[in-house]
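Peer 1: Each chain, letter by letter, is given below.
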Amino acid sequence: MAESAAIELRGLSKRFGHAQEQVTALDNVSLIIRENEFFTLLGPSGCGKTTLLRLLAGFEQPSSGELLLEGTSLAGLPPYRRPVNTVFQSYALFPHMSVADNIGFGLEMQGREQAERAQRVQEMLALVKLHGLENRYPAQLSGGQQQRVALARALANQPKVLLLDEPLSALDLKLRKEMQIELKRLQLETGITFVFVTHDQEEALTMSDRIAVMQHGQILQIGSPKTIYEQPSRRFVADFIGESNFLEAEYIAANDGWAHFRLPGGVELSALEDPLQGYRNGQKVTLVIRPERASLCDAGSGQLQGVVENVIYLGTDTVVYLRLDGADTLFQLRSQNQYGAATALGVGDHVTLNIAPEAVRVLTD
Amino acid sequence: MNLSSRTDPLWRFAGVRPVTVLFFAYLYLPIIILLVLSFNLNDSATIWTGFSTHWYGVVLGNDDILRAASNSLLIAISATLLATLAATLAALGMSRNTGAAQQRSTNTINGIISLPLIVPEIVTAVATLLFFVLLGLQLGLLTVIIAHTVFCIPFAYLPIRARLVGMDASLHEAAMDLYANEWLTFRRVTLPLLWPGILSGAMLAFIISLDDFVITYFVAGAGATTLPVYIFGMIRIGITPEVNAISALMLIVSIIFVSLSYLLGRSRSSG
Amino acid sequence: MKRVGLLLPALFMIGFFMLLPLGLMAYVSFLERGVNGGVVWGSYTAEAYIQFLFERDLDDSLLLNTDYLQIFLRSFTLSCITSLLALLIGFPVALYMALQPKPYRNLLIFLVTVPFWTNLLVRNYAWILLLRNNGLINDLLQGLGLEPLRMLYTPFAIGVGLTYSYLPFMVLPIYASLEKIDLRLVEAAFDLGADRRRALTRVIIPLALPGIIAGTLLVFVPCLGAYVTPELLGGGKSLMIGNLIQNQFGAARNWPFGSALAFVLLGIVLLAMMLYLLRFRRTPEETT
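Protein chains in written order, with the numbering used here: chain L, 5 to 369; chain B, 1228 to 1498; chain X, 19 to 306.
No wet-lab data here; the hints were simulated from the structure. Treat the hints with care, as some may be off.
[Unchecked claim] Derived list of chain B stretches under chain L, where covered just means 3 residues or more per stretch with a C-beta under 8 angstroms from a C-beta of chain L:
1. 1349-1361
2. 1388-1400
3. 1403-1411
Don't be surprised by glycine CBs; every beta carbon is placed ideally from N, CA and C.
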């Protein structure tokens, strides 16, 4: 599939405040967002994701660096000259205008004919499934309906890129799940590039084609949800997305495509060797193991041993916290209840864990 | 449950309710008595003999009172328009003022604008009189309008500014995002949302100007007697049923005005 | 810059017609009075401030004259008493209002603000009808077979009138700060064994303190500069600062002295404001 860049950032930085109290919200970020993709900026609050979105929309000007839309620079263009539209976190629906006037506002500002506007409003109402509500005012709508109007209002202008600033954060869980599927559908149906900002990793994994994980104004890793989850490149990424066990270890040797590491207690674990990574002998690394990738086994056939400290039943799964022999840290194990083994465990039981080399991710940061 | 109200007996602080009842009696009894006595048939000011609207007729037939009333209206309308315009512009100017570095200048400007609220009226009156005399301005309607405009600005400014501060900043951004330039954003989004603030600011300014006595008393000169200045003169001469009637009229006008603005505000917030 | 342009009309009006005149007033207070009123420009003297405490004998020696000082003290005392009275009445009222259900509360706020919108002169006039010798209160007393009281044109009448005039200024700020209190804090106090009195003194009043101080200031300041109430209800016998100042521009024709008095009054008011700001505005996170 031929993919061209919808948005390109080159060394983009944004600093707020004056000399002494300067805060760097965005630190030399370079990034390409492809056409037609659902791209998510994911990170904790204060990581710079919203600042990045506001730079794209034109509400803020970058301190340095370049911002290109389909190859042309956006420098100096005010928001109202940029073919991008925003869905605001608070929706920002104009309280003094009806739903139809809200949706038609952008087209009106661009000087489109009344008839064209009316037709587009109807199309948009159909698209977001709000038929018949065109004469309501924002205050008369439910949160979910307001959300749909905000989407319709932005999409009515057929923007090159749609920017979404945590648009689902005000909805309750069930509605949020519905809207996640709805947003994905809208993106596929309209073929518009979506740039979505969220701090909710599950939301990011559900909808995105690609995710950029951000921290302290920098992008730590960009990749598909699968890559981000299974091959985190940094400790922060592994920690922020999903649950992880972190084990400090040191490199011993490699053979047959496996790399071997020794834990402080003397236990050895193996990982698939990464041909791009060369380790020094004795190099300190962090081994990342997802809770569901470890499995219970008979004593003698596994590598890690420990004592059960806590068992939490979660319906589909059971989570077990173990105190590993010779280590301070708790190890989290998650196993599906349909396989049964973990549900029978009690506090104080001695167990053995098997860790397959494919389940171990090696991080050097 | 309404978290911000407490009617459980646990919250009945001793004496609070009777004091409140007495407070409202204290606040309203003199007003009610004045209103009742203004309909007194008798020509004594306080002894009730029967119902009559006679004294209202006397008041409305008094050319001096009518002239004073028309002066009051002219001054109040002029000062309201000027003060509201200046206050609206200033509030808009302040709303561009966001960064932390501008906090200090924001405080200074807010301080200057609220100066007329802080300085005692009598001091303002003295200073303004001296200034007009020094400038060689003939005391009259113009000097009164200028003085009223000055002290009406903060009254008009406060509700407008509050409305702007309370406005979701993302509405402004949403309009810009939807291809409205600065002017269209102002005309289609900011101004319509600001109207209630401007309206209540103007109403406040109007009433404050209409009711002002002390400053007007100093800077009015002979030709620009307003209703409060005229009433003051009448009271000093003696207590007559005519004073009752004109006082009651002023009360009624004010109360109707406030009630209207209260009802307007209520229908707006519930709609 | 655009912003400066928008601010200009308001800042010009207040700067040119208020700040500048206040400066002029301070300047005039150091000039010599003109023979037939007005001032002699360019003749500097501190006579106006000396006159406040002393009078000149025939041989030009200074004699202590406490007449003016007494007027200042009376104004100060009356303002303090009024503020205290307003606080004693205003706090319970504000507390009652803050605990009511929302619609009823809004109605009460409306009722408190109505007098603020009505003419001060008229409201004070109503008290003449009540307080004068053959007024309604004395009619009532005589109807009950009691001796009539002399109330009008006394400091008592001024106190009643001032309290009446400025009470809403006490109620509203206290109400505003009470309304902001998270009532669960008070419930926590009850839960921890505080009775109503101690919940009031240990939790509610400390949290409402900014409103209490603001209200006191809002009553005290206009009382100190009051003109209408002492003029109408004091009958020119119990003068306050406001009347004294007005008199210098009327009958006494002593503009420098009037300016000096106004300047001192302004100084007292600004000092009170500054003390308030220093105490309560420097730590906004505490007060909000």
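Peer 1: None of the hints should be skipped; say for each whether it holds.
Peer 2: These are the hints, each one checked on the structure:
1. 1349-1361: Check failed, 0 qualifying residues.
2. 1388-1400: holds (count 4)
3. 1403-1411: Coverage by chain L holds here, the residue count being 7 at a Cβ distance below 8 angstroms.
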